[in-house]
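Novice: Below are the chains, spelled out letter by letter.
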Amino acid sequence: MTFKYLEAESRNSFEHRLEPPSGPTTRRSYASPLPSIRARHRFYPVTSGPISHIPLAGIFAVTFTTPPITRKRKAAEAIADEALPKAAHGSRKSTSASDPRSHQSESTTTIEPTERESPVSSRSKKRLSATPTTASMDSDDEFMSDVSSQDDFLGTQGSDDESLGEDFDDLDAGFSDDKDLIKHKKKPYEVEFKVLDPPDIDHEQLGQVNEVCAILGLPPESVAILLRFGRWNKEKLIESYMEHPEETLEEAGLGSNFEGTAKTERVPGFMCDICCEDGDDLETYAMRCGHRYCVDCYRHYLGQKIKEEGEAGRIQCPGDGCNRIVDSKSLDLLVTKELQGRYRELLTRTYVDDKENLKWCPAPNCQYAIDCGVKNRDLRRIVPTVRCFCKHEFCFGCSLSDHQPAPCTLVKMWLQKCEDDSETANWISANTKECTKCNSTIEKNGGCNHMTCRKCKYEFCWMCMGLWSEHGTSWYNCNRYEEKSGADARTAQAKSRSSLERYLHYYNRYANHEQSAKLDKDLYLKTEKKMTSLQSQSGLSWIEVQFLDTASQALQQCRQTLKWTYAFAFYLARNNLTEIFEDNQKDLEMAVESLSEMFEKPVAELAGLKVDILDKTAYCNKRRVILLSDTAENLKNGEWSFNIEW
Amino acid sequence: MGSIKRISKELTELTESPPEGITVELADESNVYEWKITMEGPEGSPYHNGKFLVKLSLPTEYPFKPPTVSFATKIYHPNVTNDEKGSMCLGMLRADEWKPSSKIAAVLQFARQLLSEPMPDDAVEGRIAEQYKNDRVRYEEVAREWTRKHAC
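Line by line, the protein sequences are chains S and D.
Residue 1 is where the first sequence starts when you use our numbering, and the numbers rise one by one after that.
Residue 1 is where the second sequence starts when you use our numbering, and the numbers rise one by one after that.
Treat the hints as calculated values from the structure; they're not laboratory data.
Among the hints, a few may not be true.
With a cut-off of at most 20 Å between alpha-carbon atoms, the simulated EDC-like pairs for lysine to aspartate or glutamate come out as follows [as the list claims (entries may be wrong)]:
1. D:Lys99 - S:Asp296
2. D:Lys9 - S:Glu311
3. D:Lys5 - S:Glu528
4. S:Lys307 - D:Glu117
5. D:Lys65 - S:Glu597
6. D:Lys9 - S:Glu597
7. S:Lys529 - S:Glu597
8. D:Lys99 - S:Glu597
9. D:Lys103 - S:Asp278
No experiment lies behind these values; they were computed from the predicted model shown.
Take these sequences, add in the hints, and give me the full structure.
Specialist: If you want it as structure tokens, here you go:
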């Protein structure tokens, strides 16, 4: 038995399309010396990166020594172990050189327990590339450079890899499978990120301030102002400071005078310029710029800036025309603890806003920020979907909620189009025609078929769309169906109509999934009740009725994805890839609809349907993974062709 | 806060030594927050010889919040709204630019300066700004006429 055989087998059987590509990927992780395998949402090229530098043979040797529990899989690996002569690797390498895609079959050669779920037969090599693990071997990926470091995701997740691979065959496969998918394997559509809570962010800021302090030898509160001024771009800031120290300090709102400590003083003969109070016992304060005001006024000023205007990093000296920034030391000296807290909060907020790799979770009242290395320029090729600790899933690129598989730009275009079009499009389609000359949309407002376009004054017949002058004066009824001008006009008309219809096709499906997701969500809110009543009716334990919760979450997620597949498809040009995409879309849609149907069954029937629901849930999740992986993969490689420029 | 003290001080200073072309009084003697200002059109501007009534309102948080300035006399100017409000948009009166140590005298001088040198890039009347930039002669004509009609 040779590797070749395995490869051929994997290509001929389509099962692996449904396979959660657990086996090899995980095993590779075990083989990896990196501690990073504990992270949940790693972006795949990173792990594959360092590993891919190990000679292929090495990988495989280790790869197949720690098989997961599944018996079938063990069998598969036994085959694989036999099939590892070095010569075979050599030949495989050469294939991969000629076709980078051939890698993917390596990582998908496990035999899948869910064979029965694959109705589709092998189609093409292209189709094979839809497997989730395809890219796990591509090492030299540009995304790699975007991921800051391996350490970044250390400790952010505490999931245990050990549990992986268990339970694939038993009844709970539905969710253990699902969870494992999310936790342990990097799919082409997953990006690496970590969630930060406010203390983490503070810590990060402090770290950078200290670092720059050590280099520039300035007090930390001044360095903080400098860094905020430079939008936390350390290198650029240091460079600019080294070249023009005084100008940089001045522009940042700092003087070059760093003498003296922040303290309030009583100055004989002083009159506050703000409140015009005077008196020798008036407590006063001035920053290093020397603009001195009474402490009450200073305090009031700072309070108003922080509380009412939400300002923190750019609060200037109260002096007219003075651009000196109030530093944190002065602030701490003057305002209450509460305001200091608010001040820090605001600083943290601007810090996150300033950093390209940080974004706040947009969920209401969520306090976490996400750290993700995907840059704006990458957004054409990736849809960086992240999941906050608060469970909100959103796009790191545009902060809208999860819109995979459609890229941000298309999403924006689509939403804009929907805003412009959706409400009126239906009505337009039903009640209007377009002027054949200027394409303005015309509503017929009288009985007469002699239409005059208000915009371009073109006169035509409403019935045949032909030029009115060709009708002659004596004919009121249109008998001119065969005339050329009419036929041309009708063709143009049909074109514009069909583009509208095309839009409506996608829009209706998009809107339908949105609506259904809402309804499913309502149902989800009732799920708990359902679960309770199922417990009492069927005698199942709490843990045994969890499948409903899992199913409902899967429904939500799949509908969200489906919804966006329609927006995405609207912009896709027709080709083979698009057909594969539509097949995947159809498979997912069918699965979702049938799960949705089961889910709505009366509580009494639910206990009996448990196995089916579990199966279907798992299947839905798999179909979603397949669809997303396929799309992400093609997006990354720039293989989609679109019917618009973007 | 000592806002009354500060306001009285500024008022005294302004009435005792008013800036050129500006006279200041309270709209109502019992209310220090509403000021009535008469501004003479500066020489060399199309507003010359006109007397413009300007209202200045101080918020209760003054001087921590900026005053507002509006023209009670109709004026043809890119930076004054051409409506019954006659609001004037001054950069230094924006909440984030205002400093508690800024003075009303400075505001008034700035406003009068604006009559001589409109700032078409910060205009509230886009059409007038356009004209000011492209057809200065016509702008001055209209401004002069409005001054004659409303401010003399």
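Novice: Work down the list of hints and note, for each, if the structure agrees.
Specialist: Comparing the hints with the structure gives:
no.	hint	result
1	D:Lys99 - S:Asp296	holds, 15 Å
2	D:Lys9 - S:Glu311	violated, 30 Å
3	D:Lys5 - S:Glu528	violated, 65 Å
4	S:Lys307 - D:Glu117	violated, 36 Å
5	D:Lys65 - S:Glu597	violated, 61 Å
6	D:Lys9 - S:Glu597	violated, 78 Å
7	S:Lys529 - S:Glu597	holds, 18 Å
8	D:Lys99 - S:Glu597	violated, 65 Å
9	D:Lys103 - S:Asp278	holds, 18 Å
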